[in-house]
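S.K.: Given next are the chains, with one letter for each unit.
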Amino acid sequence: MKDLFTKSVARNIYYGGSLFFILLFLVLTFDTHQRIPATDNRENLTEEVSHGKRLWEENNCVGCHTLLGEGAYFAPELANVYDRFGQSTEAIKAFIMSRPPNGIPGRRSMPQFNFTDAELNALAEFLKYVNGIDAQNWPPNIQG
Amino acid sequence: MKYQSQAVSKLYFNAAIALFVAQIIFGVILGLQYVIGDFLFPYIPFNIARMVHTNLLIVWLLFGFMGASYYMVPEESQRELHSVKLAKILFWIFFIAAALIVLSYLLLPYQRLAELTGNSFLPTMGREFLEQPTIGKVGIVIVCLGFLYNVGMTIISGRKTVINVVLLTGLVGLALLFLFAFVNPENLVLDKYYWWWVVHLWVEGVWELILASLLAFVLIKTTGVDREVVDKWVYIIVAMALITGIIGTGHHYFFMGAPSYWLWLGSIFGALEPIPFFLMTLFAFNMVNKRRRIHANRVAVLWALGTGVMAFLGAGVWGFLHTLAPVNYFTHGTQITAAHGHMAFYGAYVMVVLAIISYAMPKLRGRVANSNKAQVVEMWSFWLMTISMVFITLFLTAAGIVQVYLQRMGDQPLPYMVVQDKLQFFYWLREGAGIIFLIGLLVYLSSFLIKGESDQHIDVSHKNPAIKS
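Note that the protein sequences, when read in sequence, are chains A and B. For the first sequence, position 18 (counting from the first letter as 1) is numbered 18 according to our numbering, and the numbering increases by one without interruption. For the second sequence, position 275 (counting from the first letter as 1) is numbered 1275 according to our numbering, and the numbering increases by one without interruption.
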């Protein structure tokens, strides 16, 4: 057994195995691209949603929140915040606007970002779009 | 030190350690913000401190990998480095760029930084771990290309060992995959799909190649075991890393809008991902058991063995805990993830970089090994840091289990912030363990200040005659 499993066999498993799985991964990636229009809520991906995503990024929201489970674990999951806030973009905007600039003594608090009305709308629309992504029924419940 | 050009690695190792210290200080700040929510608010909000913590980790590990390469590659290739000057120039570019990026995080509002660096031309900022301004990312690519050129030229024109070839493959993969940091589709599902090509395929893919290569180098040097034996281990470890890890990316595609077959693929291949780490544990212990000399640098061997054990526990076991889709459905994005992340990064990548530093640094300072006293102090730091990291992981795991139960499983799921209040006890314990980790790191630093000569190697080759297979 020991003689059969030589260094060159090990090397061939490395090169052969890696190549095979890289190719398989590329095929699966192609297939995923074919299938995701059914789940990724692209029909609601408007210009305003794109603007919202940019704002989400440029204010590093993912540094505290998770979005579909990825990000930091310091603040609530936001992929379903639209549902959690009673499907109201107004409620989302009101929450973001109401954050005290100097925080809340002793507690976690979201910073005050001083967004304009258009920016607030874009962010809320972005979160509404994310809420519409079909993510295998995740999060498990309304609390995120 | 056999080749003069290896000396350039000292610069990289020093920078790595300095940034490591800064990373841990921010870790302690973050831990405190978990329990005292308004600590440093609004001057250093949590998201900024976290970005500094994670980015410093990545950057200092990259400094560590580069330093390790500059140390290992000449010795493996049996020739001087292609260009010491290039290595020095790239060091200063990288170090100044890294310092500027971190300072800009701390001194400017993030949104202002995005504006100043023209993020709207090629938006890449604001995604976890890839928060660097686009221009900073371009800088990273340039530094990586220059580094690869330098190391590649040395390897191509010298002796080609398995360690060198696997290292180079890992480094090329690292650079190529980082290019996906520039891919940021407006479609969030696609954004996430390719974001993982950097994040997962780095730490659960090509970085494992670098890890195996560094570990093998330290083990060859400290145990004197025949290269043929080591080479076979390295091949089979990296084979398993890529065979399981590439499709294993699927365990991140469960709940983000990708097709449902990823639930199966990600679960199966994710469950296999501990295999390469388990092989590393076996590898490290096997080599030390079969050693032909007891190397004077015993603490380097301790770090190498520690890597084998902790990488398997952190990346392997704690990864397996939540890699199956039905489990991950409940644990995704909770403190369970944080627990796994901490021990996996420490056990695999932090420890292997500290192992190579521990082996190489005495040589760079002109001795085989540090004095016995210095080694004992370094061993204390090993145990302080490693045990406190085990406790950080256990406390976060406990917090995670309670969080999952209260927020996602009970009859009356509670809101996120309500649950967080109930986890304060665990977060305080975690902060305590974090402070012990910082103390361990200070002990580590102090070991560099202890002078003196080392003992000699002890030949034990009569007990373990040359092993051929």
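Treat the hints with care, since some could be wrong.
To be verified - Subject to a maximum C-alpha distance of 27 Å in a straight line, what follows is the list of computed DSSO-like cross-link-like pairs (lysine-lysine):
#1 B:Lys1085 to B:Lys1373
#2 B:Lys1010 to A:Lys7
#3 B:Lys1232 to B:Lys1137
#4 B:Lys1373 to B:Lys1422
#5 B:Lys1221 to B:Lys1422
#6 B:Lys1422 to A:Lys7
#7 B:Lys1221 to B:Lys1463
#8 B:Lys1088 to A:Lys7
#9 B:Lys1363 to B:Lys1290
#10 B:Lys1221 to B:Lys1010
#11 B:Lys1363 to B:Lys1422
#12 B:Lys1085 to A:Lys7
#13 B:Lys1373 to A:Lys7
#14 B:Lys1010 to B:Lys1373
#15 B:Lys1221 to B:Lys1137
Honestly, the hints are just simulated from the structure, not real lab data.
S.K.: Next, verify each hint and record whether it holds.
M.R.: Structure-based check of each hint:
1. Of the supplied pair hints, the one linking Lys1085 (chain B) and Lys1373 (chain B) is violated, its CA atoms being roughly 36 Å apart against a limit of 27 Å.
2. Restraint check for Lys1010 (chain B) and Lys7 (chain A): not satisfied, since their Cα atoms lie roughly 34 Å apart, outside the 27 Å limit.
3. Restraint check for Lys1232 (chain B) and Lys1137 (chain B): not satisfied, since their Cα atoms lie roughly 36 Å apart, outside the 27 Å limit.
4. Our distance criterion of 27 Å between C-alpha atoms is broken by Lys1373 (chain B) and Lys1422 (chain B), whose separation comes to about 45 Å.
5. At most 27 Å may separate the alpha-carbon atoms for a hinted pair to count; Lys1221 (chain B) and Lys1422 (chain B) exceed this at roughly 50 Å.
6. Only pairs whose Cα atoms come within 27 Å are accepted, and Lys1422 (chain B) paired with Lys7 (chain A) is rejected, the gap being roughly 54 Å.
7. This hinted pair checks out: Lys1221 (chain B) and Lys1463 (chain B) have alpha carbons roughly 18 Å apart, not beyond 27 Å.
8. Distance restraint check for Lys1088 (chain B) and Lys7 (chain A): the Cα-Cα separation of roughly 37 Å exceeds the 27 Å cut-off, and the hinted pair is therefore not satisfied.
9. For the given pair, Lys1363 (chain B) sits about 24 Å from Lys1290 (chain B) by alpha-carbon distance, which is consistent with the 27 Å threshold.
10. A distance of roughly 18 Å separates the Cα atoms of Lys1221 (chain B) and Lys1010 (chain B); the hinted pair therefore holds under the 27 Å criterion.
11. With a C-alpha separation of about 51 Å, the suggested pair Lys1363 (chain B) and Lys1422 (chain B) falls outside the 27 Å cut-off, and the hint is violated.
12. A hinted pair counts as satisfied when its Cα atoms are at most 27 Å apart, and Lys1085 (chain B) with Lys7 (chain A) does not qualify at roughly 37 Å.
13. Between Lys1373 (chain B) and Lys7 (chain A) the CA atoms are separated by roughly 40 Å; this puts the pair beyond 27 Å, and the hint is violated.
14. A C-alpha spacing of about 22 Å is found between Lys1010 (chain B) and Lys1373 (chain B), which places the hinted pair at or below 27 Å, so the restraint holds.
15. A distance of roughly 35 Å separates the Cα atoms of Lys1221 (chain B) and Lys1137 (chain B); the hinted pair therefore is violated under the 27 Å criterion.
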